[in-house]
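*Asks:* Line by line, the protein sequences are chains A and B.
Residue 1 is where the first sequence starts when you use the UniProt record's numbering, and the numbers rise one by one after that.
Residue 1 is where the second sequence starts when you use the UniProt record's numbering, and the numbers rise one by one after that.
Read the hints as simulated data drawn from the structure, not as lab findings.
You can take every hint at face value.
One-sided excerpt, in silico: chain B residues whose CB lies under 7 Å from chain A:
# : residue
1 : Arg40
2 : His47
3 : Val50
Partial chain A-side listing against chain B, Cβ under 10 Å, derived:
# : residue
4 : Met176
5 : Glu179
6 : Leu218
7 : Arg270
None of these values were measured; they are calculated from a predicted model.
Glycine is no exception: its CB is placed at the ideal position from the N, C-alpha and C atoms.
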Amino acid sequence: MKAVLEVNNLKKELGSFSLEQLTFSLKEGCITGFIGVNGSGKTTTIKTILGLYPKDNGSIKFFGKEMKKNECEIKNRIGVVLDEGYFYEEMTLKEMKSIIAPAYTNWDESVFLNYINRFNLKLDQKIATLSKGMRMKFAITLALSHHADLLIMDEPTSGLDPLIRNELMEILLDFMEEEGKSVFFSTHITSDLEKVADMLILIDNGKIVFNESKDELLERHALIKGDNRLINEHSTKLFLRLRQTPFGFEGITNKVDQVREQMKDIIIERPTIEDVMLAYVKEG
Amino acid sequence: MKIIIKNGSERPLYQQIKDQIKGAILRQELKEGEKLPSIRSLANDLHVSVLTTKRVYEELEKEGFIITIVGKGSFVASENMEMLSEFKRHLVEKKLSEVWQMARTLGINKEELYSMMDIIFEEDDE
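Next up, chain A with everything else stripped away, as it sits in the complex (with noise of 0.2 Å):
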C-alpha cells in the first residue's frame, strides 16, 4: 500500500508544549485512528502537518509531494473537518457552502446536495441554530464535496451522543468503499476506533508511542485477570500495566506467550483499545 501522508522528524514547539521528531506515515485505503489522551499533542500535529501551524523542522509530504510546493493540488485532494467548526455562525449553510465551495476546482454541487439530503441539512438554516450532531454533519459535507482523496479530522466525535458517533463511523465506512480513498481522524473516544480503524498511531506527550495495524496491536497484547496470588517480583514484570485488589488482579500483558506459560488459571481476554492505550500513556 502506498502511502497517502509521510511525516518525518517533525518538530514544533507550541508555548511549553512541543511535537519531538514525529516519524510515521498513512498507508493508502486505510482508516487511521490517531489516538492519545487530552493535550498529548494530536490537534497540534494535525493542525501542523496542515500547515495552520508553522512548522519548526522536519518533512511532510502528501501523495508523495512537498506541501509548499504543491498546495493547491494537495488541498484539493483533502478533505478537512477540524475541532472548533471554523464557520460563520451568522450564515446560512448555504452562504457558507458558497464561500468554501470556490476554494475548491473539483468541488462537485451535486455530491454537495446528496449529503444535505442524506443529512437531512436545511440549506436555509443559519448556522448558530445548528444543534452539534447537524454542524458534524454539515462540517462533513463540506470537506467530501470535492471528491477528496484523504479526510482528516481532528476529534470529529467528541460531545456527540453515541447514535451520531456510530452514524459518522458508517459515513466513514461508505466513504471507503471506494478504492483509493483514505481517512486520519483523532479521537480520544478509542471505542469509535474498534469497529472502523484499520491503523493506529497512538501519541502520548508529543512523541509516537505506536504506529500499527490494530488487528496485530490487539493481538499482541491481552487483558489477564487471576488470583493476586499468582503476582510475585518476576511476574509483575510481565505486565505493561497492572491493577490490583483484594478480589484479584488485572493486567495488560505484550508478552501473551510467556503469561501463558508461566501464570495457571487466569482469563486471557482480548483488550480494548482503550485499554491497550492507557497501558502506554504515562501518568502525569
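Got chain A sorted already, so can you dock chain B onto it with the hints?
*Replies:* Structure of chain B alone, referenced to chain A:
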C-alpha cells in the same frame, strides 16, 4: 458463506478468517469463478482491519485458492481436484487418529474398532 470470529481465541484473526474461507471453497459453498467480497467490504462486515483481510486474500492467493485480478477483484480459483481430495482425506485422517487415540486409552483394540466401523457403514447403507 458464514464467517464467525472468536475474539478471545489464541488463533489470530487473519487465520480464523482464512480457514473459514478456505473451508467454504473446499466444501464448494463458494464455487469456482465466484467473486469474493472486496477486502474493504469484508473488513467492514467483519469489523476487522482492511490490512487483515488483505493478508487473508494474499495468503489464499499464494496457496492457490483464489486469484486476484487488478481492478476486478478476487475470485475462487478453478478447482484443483488433487488439492481438494488431498484435503478431504486429511480431514478424515485427522478425525480417525483422534478416534484411535480414544479407543486406545479406553482399551478398545483394533479388531473391535474395525467391527465398529463395519457396523457404522452397514447402518448407513440401509
